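Asker: Residue-level listing of the chains:
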Amino acid sequence: MSAKLREYHAPVWNEPVILEMGYPGRRGLAVPEAEEAVQAEVGDAADLIPVALRRHDRPSLPEVSEPEVLYHYLRLSQQTLGMMGVSLFGTCTMKYNPQVNEAIAWRPEVTEAHPYQDDDTLQGTLEIVHRFDAILRELSGMDQFIFQAGGGADAAYTSCAVTRAYHASRGEPEQRDEIITTIQTHPSSAATAAAAGFKVITLMLDENGYPSLDALKAAVSDRTAALMVNNPDDMGVYNPEMREWVRVVHEAGGLCFYDSANFNGMMSKIRAREIGFDACMFMLHKTFGAPKSGVGGPAVGAYGCSAELAPFVPTPVVAHDGDRYYLDHDRPESCGKIREFWGNVPVVLKAYAWIRAMGAEGVAEASDISVLANNYMERGLLAIRGVTRSHPDATSPRLEMTRYSLAQMKEETGVGVHDVQNRMTDFGVDAMWTSHEPWLVPEPFTPEAGEMYGKEALDTWIAVLAQISDEAYSDPEIVKTAPHNQAVHRLDHDAMEDPARWAMTWRAYLRKRANTGAQS
Amino acid sequence: MSDNPDRDDATLGAAGAATAEPDRPLAGEVAGRRTGRKLGLIVNPLAGMGGSVGLKGTDGPDILEEAKRRGARPLSGERTVRALARLTASKTPFRLLTASGDLGEHSALAAGLDPVVVHRTEPGASGPADTKAAAAAMALSAVDLLLFAGGDGTARDILSAVGDRVPVLGIPAGVKMHSAVFGANPESAGGLAALFLDGSPTARLRDAEVMDLDETAFREDRLSARLYGYARSPYERHLAQNAKAGSRADDNAALEAACRRVAARMREGVLYIVGPGTTMRRVMKSLGLPSTLLGVDAVLDGALIGSDLDERALLDLMEGRETRVVVGVLGGQGYLFGRGNQQISAKVIRKVGREGIIVVTPLDKLVALEAASLRVDTGDAEVDALLAGYMRLHTGPDRSVFYKVSA
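So the protein lines, in turn, are chains A and B.
Just so you know, the numbering used here puts the end of the first sequence at 520, numbered straight through with nothing missing.
Just so you know, the numbering used here puts the end of the second sequence at 407, numbered straight through with nothing missing.
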């Protein structure tokens, strides 16, 4: 392997928790007393707060100066990899987040706007949302998009809500109580279906790496409300029988929802509506260039559907009457609200800026590159000792990602995927993504190259894996005791899964420490 | 056998490793780690010999002679050395207790270990009585884990000697391995033993089925498998350490709720035949009824009307009654019918029909199966064919999978 491995080492600050820092009376910002004239006019400002909302004690916050705060968080950030290495985070369609798009989203027209403003004062923003709706229609073949959902799972939930409203309009709200999904569809489909009150049927995989049509036929009935499915699934396997699946579900009276969480390999190639799907979802964070922002947003799950389902989407919908843009609240068949207002507008703006910069050709090319890059990586990774591919008997090529297994390495050396994850960070490379639960493939990992990285970055990633494999077979202890070059060496996972020991707040931490008999 | 269903997924911490650490561990340390735990080792030197020469098991002296006459060679010692090699490579400190000669001492020495012999037998002794006596000696020595090499027969002997007092783990070396106490191969058994002895949070204990076929019947191509009991056995679970995964769904909670749901949906006037196993015990517990862990019970209108029933008794109870059969998935090989629950015979199933069968199983159990289908072997090809195809399995409350059933 020609790629040179980086000699990386994270800084070790042994930084205390912010609540352990500071000194009584120390302040970051000293707010001056109000001037006499103001005091005379307003009186005691505290009286403006309703009695029930006033606190009795001062908040027990750390008393620290502004530079202390700045240095503290800078050091913490230095102790993480921050996804600034080669970060091939599978099942995520990760993109680079252009800085210029941040600048656009931070313009005062965006940050100082309020959703309660009159439509007439929001014409520019509404126009962008409306235009972006049209772009997503073009990519999916759907007839209406809305941006209210605050993430991918939220959009899947939207689909469940629309599904229920649709069946209710046809007089079958009680009867249609089952949603069918597959074990390698993103787990949020099953989770949101259950949260929306549906019974969930999960189809398991066949030898080909996707569930058989017979399994689907066994599962559909006059109780089927909808099918919710990823394609390609979370292993990069594309189910070529999907058109037939849609036919089977439609025949039984159910709807079909295409979760496009794994859209990279499909962009500009396949339109969900043309396969027959009634609805789909795109993640504007990740897939359309807005930041992933960790888990929890800000994000947008763009939900799109056919004209037949459009009356049931959440309100309001951004519309255009030929003259002006407006928020259409008058939709009597709507399923209601999924979230307040009409979506995370800054995220929509970033996605709009991204796709305008890419253009139709650019989006298609990005899709090609993501598939090419994955298949290039597959050649390199499968040449590494101890690495195998899931479903070895399946002949279809993987698209934008591949599910691999280190089961052979584990069996031959005792080194498993978590050990390899830890060791990767020693080379300044983010730990690879394993798999959603449950693990169908033992010791799984799922890199996704995407379209952003150059060949040398991919070669580096492959070289890191090759190096770790060599170590596993020659001196496995190096890998099993990794990381060695990180700020924190080993985490106590046991404590993280023990509610008696982990804590979400400082106060809870002190209390739990006291309960375990330790000195706080 | 455990009477406490809550123990199904007990952490190792509860089983023996240090509980709450008073101080946060320093970087590089692992909380809860202890050194020098005791490992018991028992090798059944004859296990597996029958299989290599076409005999279905090696139970009994006559069969052993026949196996030797056909040229069978002992294999379990060699497989034990492979498991021990993996265990020692892990650098986990442990003390090895074993039985003399071929029952463990030889394999331990061959693996370069220095064992303490806590049970001595005559040279060449290797019958079930020796296995049981050795296992009892290990239990008296308070081993933290009993590692054994053998098959279902060996597992059964060990279970009868130690019950659920000692966690056990099998190095697969037998002809028949329907029990759920075996590692996939010697190396993974050794690796799992290392994790367990090391106090790793990934190694947990569960109730694992110990099953065995009646070899005499098996050789005559008649199947008679029984569920003998449940051993405490370690298994490896991966840690949900990825940011995206969040906390792991609790399969025990999902299974518990699925069982409650099945119990709550039982209808008046309908006879429910409840199969063996820990999952079915949960169903019975939800009904507030006692259950036969290894046998088949019958419930009507919320009352237990028959315990540990055989085929005849079931057919009598079914007479003139609408009937449902509630079963779990048994053993490491994923049997729905025909292993461990033969009382629910082909005749019973034929009368109940495919749609009268309610299956409850944790999703984890399906994922862990080697084959992508459940098996049935009722002894009646027509009934097996009736059961084949995709069947709904309840994995949680309002959660189900459609899974392939193969005859």
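Just so you know, the hints here were simulated from the structure itself, not pulled from any lab data.
The structure displayed is predicted, hence computed values, not measured ones.
Hints are supplied without guarantee of correctness; some may be wrong.
[Unchecked claim] Quick look at which bits of chain A chain B covers, simulated, 3 or more residues with Cβ under 8 Å: (1) 74–88; (2) 405–414; (3) 434–441.
[Claimed, not checked] Partial selection, computed: residues in chain B whose CB lies under 10 Å from chain A: (4) Arg37; (5) Lys38; (6) Arg86; (7) Ser90; (8) Tyr228; (9) Tyr235; (10) Leu366; (11) Val367; (12) Asp380; (13) Ser400; (14) Tyr403; (15) Ser406.
For every residue, glycine included, the Cβ atom is placed at its ideal position computed from N, Cα and C.
Asker: If a hint holds in the structure, say so; if it doesn't, say that too.
Answerer: Results of checking the hints against the structure:
no. : hint    : result
1   : 74–88   : violated (count 0)
2   : 405–414 : holds (count 4)
3   : 434–441 : holds (count 6)
4   : Arg37   : violated, 16 Å
5   : Lys38   : violated, 21 Å
6   : Arg86   : holds, 6 Å
7   : Ser90   : holds, 6 Å
8   : Tyr228  : violated, 28 Å
9   : Tyr235  : violated, 12 Å
10  : Leu366  : holds, 7 Å
11  : Val367  : holds, 5 Å
12  : Asp380  : violated, 23 Å
13  : Ser400  : holds, 5 Å
14  : Tyr403  : holds, 6 Å
15  : Ser406  : violated, 13 Å
When held up to the earlier numbered hints, the structure conflicts with 1, 4, 5, 8, 9, 12 and 15 and fits the remainder.
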